[in-house]
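Asker: Below, each chain spelled out in residue letters.
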Amino acid sequence: MPRPIVSRPAPAFAAAVALAFLLSGALAPVSALANESASGKKDPARAITSQLICPCSCGEILSGCTCETGKAMQGYVDREIKAGKSKDQIEASLVNQYGEVILGAPKAKGFNLLVWVAPFLATALGFLIASVVLLRWVRRRAPAMPGAPGAAGSDFGAGPSTTAEQDLDALRERAEAELKRFKE
Amino acid sequence: MSELGRLSILLAFLASCFAVGSIAWGLRTGMAGPLKSGRRAVWVVCGLTLLAIVILERALLARDFSFRYVAEHTSLDLPPMYAFSSLWAGQEGSLLLWLFVLSAYGAAFLWAYRKRIDPFYDAVAMVVAGVMVFFTSLLAFVSPPFRILATPPADGNGLNPLLQDPGMMIHPPILYTGYVGFIIPFAFGIAVLLMNRTGTRWIEEVRRWTLFCWMFLGFGVLLGARWAYVELGWGGYWGWDPVENASLMPWLVGTAFLHSVMVEQRRGMMKTWNVALIVLTFELSIFGTFLTRSGVLTSVHSFTESNIGPWFLGFILISSTIATALILYRKALLESENRLDAVVSREGSFLFNNVLFLALTFATFLGTTFPVVSEAVTGAKISVSAPFFNRVNVPIALALLLLTGAGPVLSWKRVTTSVLQRNFLIPAFVGLLATLVGFPFGLHGVYPIVCVFGAAFVIATIVMEFARGIQARKDVAETKGAMAVVSLVEKNKRRYGGYIVHFGMVMIFVGVLGSSVFQKEAHGPLQPGESLALGPYTLKLRGVENRPVANAQHTRAILDVTRGDKYLGPAYPAKAMYFKSQQPMTEIALRQTPAEDLYMILGGVNDDGSASIQAYINPLVSLIWVGGVVMVIGTLIALADRMRLKREEKLGA
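Chains as they are written, first to last, in the working numbering: chain G, 1 to 184; chain X, 1 to 653.
If you're looking for bench data, these hints aren't it; they were derived computationally from the structure.
You may find that some hints are simply not true.
[Unchecked claim] What follows is a list of derived Cβ distance ranges for each label pair: (1) Lys566/X / Ser131/G: 19 to 27 Å; (2) Asp88/G / Phe141/X: 50 to 58 Å; (3) Ala83/G / Lys566/X: 49 to 57 Å; (4) Pro79/X / Gly84/G: 49 to 57 Å; (5) Tyr76/G / Ala108/X: 51 to 59 Å; (6) Gln89/G / Ala154/X: 53 to 61 Å; (7) Gly110/G / Asp565/X: 55 to 63 Å; (8) Arg139/G / Leu50/X: 55 to 63 Å; (9) Lys331/X / Val138/G: 18 to 26 Å; (10) Tyr76/G / Gly379/X: 22 to 30 Å; (11) Glu530/X / Leu125/G: 55 to 63 Å; (12) Ala92/G / Gly379/X: 15 to 23 Å; (13) Asp118/X / Phe127/G: 38 to 46 Å; (14) Val377/X / Phe127/G: 27 to 35 Å.
All residues carry an ideal CB built from backbone N, CA and C; glycine is no exception.
All chains, please: the whole structure from these sequences, using the hints.
Answerer: Following this line, the structure appears as structure tokens:
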């Protein structure tokens, strides 16, 4: 029978509230940086080059590539943007020239759709299987033998569902036992 | 000396074969003599490998160019420290280091269990020796490190400039200590199946070995990220390169195992799953070597491509087939002892946590190998790089972050509504508050919001767990302040070590968030006297100069850095032209503070005399490195917990 919630939440609650303010304070400059960086992120050339691979054999993302080919390509993207070309037009012209290998990620079409879909399908399938397995384990539940692994009190933290009061009781008992051993 | 080196490798191969055969014979007949001889042979392999390493290191430091390996990877102008680290710059040396770490693990295992009279431990040693047979045969017959040149050159080819970084002195050995160490959990798993063993003692031992390797692998991965950050000069630290991914995958599966093994220890469940995870972790660590050596994928880390890829692939196929067959054959041995009480429980959360870790591994594996698969099917070359991984892996990683907060505060067996309320309301409130505070300052986008909420949520749960424990100790032992914390951690190192690891992980998440989402960049050609503005910083070009540095010529820009009105000093981003390779390399300039890094690159010097300067502000990137150290500290604390093992040994005795 679950017991009422906490009888002595003060330390945990106080710590959590203090932490909340601490985190809020720490996150303020981070968020401020987000505001500042908004302009940096709007760089249209970077929006394109960060999605492309340098066409030489270095295999680096173009926006961070410092090889000669990379620098020439970054210049090309800059010029095309200044000439009024859109992201799609620039990408299309580069794909025409170098092939799809220049894209940092393949287009989600044809066979390459698989690489986009499979991870999420696998995750969903994993969750489904895990849920089915869990439900089967619950349905087949048999009473645990005293002393068997997983029987109540067989290990710290194991045992029946606990409330805060029970947790504290258990911790107190442990602390008392340890103190007793220490004094001995 | 080269003959002695060759002989030591050949003898190591023979000793490995002897160890396998002798222990197998001893296990079959029950005779103690062959078991003892087999154990000794493992020590012999370790000694012989050490001898081979000493011989090769001596040749490297002496620049003995009659050794082909020395001529290929060193030169007269190479500083001695890099001549020393050239041991792991090439394939043969890397394999030798691998074998040494492997044999050292074998020897350490035998030393750790020297007082146990149980053939089970001999079976473990036999599996380790079996893997030694593979590596010694590679070094003896396929990729020998002691090949001699008929006509030694006057000077060597020199070391790849990318590897001439202090980080490279320790990154590969630490990474190998992690990678190779997974042999011991793997050997335990196989030995359990071979010997038809039940019980939970071995699983605690495996957990400790795994934790040890996992810590080294994780730290090695972070050191690699640090190396990429300071050496590759693209402003970031993780590019989802195939070799980076290869090191991440066994770490992810190892992490899944470290969680699910708790369910087996406490409830006697998920046994098959855990053995499968051990096997997968080991196979992925071999797969990482395959990726580095095979040359099937383009990587900035492919320093040592060769034709030994198929050997590794063959080894992975054979070892995984044997392991799978054994798991199926011993299915009954791995039956769960208990059933679950409720879906919403810590056991349930660990199962979902495992699904997410494996999903992350699968997405990484698929993305890494897909270019090869796609080209084979469609005939067209494609790239699968950071833009793919950032879109697919980030949401899965964020789900894991949320589960990191939820899992540890769920009770074992079942969770009542009151427990849910007590453990989740305050952390959720803290997470919400942190997010709300962020909004007015420009926090936007689903992923950053979830990350901030998740980070605050997890930290709040950790703080509450500590607060509860401290309160309990105060009530009984009247300990106060820092002593109460120390006392709490001391009494349950495993649990609180785990929380510290989680805290380190959250720091890494926040560091990644800050340095990726909030990164700022500016670039442009600068003439002397001109400035580049980036956020609060101003970079003024004083000039460009050429100067020789050790074995390279540096062309460096001199930038005067100011933040607001405060002059911070000069910075020297440079281009290095190494004399031997004639390869231009980027040498970044870095100003690090806890809040942010100012990262400066010299792109080159243009015909008109201007210098192309690229600069980034990477906020909170220091949290990534500090978070890594915190994780190591937490793991060491968890590893120090021997009480549980002793208790279980008493129960088992």
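Asker: Is 53 to 61 Å a correct range for the gap between the Cβ atoms of glutamine 89/G and alanine 154/X?
Answerer: 55 Å Cβ-Cβ, so the 53 to 61 Å window holds.
Asker: Is 55 to 63 Å a correct range for the gap between the Cβ atoms of glycine 110/G and aspartate 565/X?
Answerer: 57 Å, holds
Asker: How does the Cβ-Cβ distance of glutamate 530/X and leucine 125/G compare with 55 to 63 Å: does it lie in that range?
Answerer: About 57 Å separates the Cβ atoms of glutamate 530/X and leucine 125/G, which means 55 to 63 Å holds.
Asker: That 49 to 57 Å hint for proline 79/X and glycine 84/G (C-beta), does it hold up?
Answerer: 52 Å, holds
Asker: In this structure, is the beta-carbon distance linking aspartate 118/X and phenylalanine 127/G contained in 38 to 46 Å?
Answerer: At 40 Å between Cβs, range holds.
Asker: State, for the Cβ atoms of tyrosine 76/G and alanine 108/X, whether the hinted interval 51 to 59 Å holds or is violated.
Answerer: Cβ of tyrosine 76/G to Cβ of alanine 108/X: about 55 Å, so the range 51 to 59 Å holds.
Asker: Please test the hint of 27 to 35 Å on the beta carbon pair from valine 377/X and phenylalanine 127/G.
Answerer: Distance hint for valine 377/X, phenylalanine 127/G holds at roughly 28 Å.
Asker: Is the hinted range of 15 to 23 Å satisfied by the C-beta distance from alanine 92/G to glycine 379/X?
Answerer: 21 Å, holds
Asker: Range first: 49 to 57 Å. Now tell me if the beta carbons of alanine 83/G and lysine 566/X are that far apart.
Answerer: About 41 Å separates the Cβ atoms of alanine 83/G and lysine 566/X, which means 49 to 57 Å is violated.
Asker: Range first: 50 to 58 Å. Now tell me if the beta carbons of aspartate 88/G and phenylalanine 141/X are that far apart.
Answerer: 54 Å, holds
Asker: Between lysine 566/X and serine 131/G, does the beta-carbon spacing fit 19 to 27 Å?
Answerer: Given about 58 Å between the Cβ atoms, the range is violated.
Asker: Taking the beta carbons of tyrosine 76/G and glycine 379/X, is their distance inside 22 to 30 Å?
Answerer: Taking Cβ atoms as reference, tyrosine 76/G and glycine 379/X lie about 27 Å apart, which means the hint holds.
This entry does not satisfy hints 1 and 3, going by the numbered hints stated previously.
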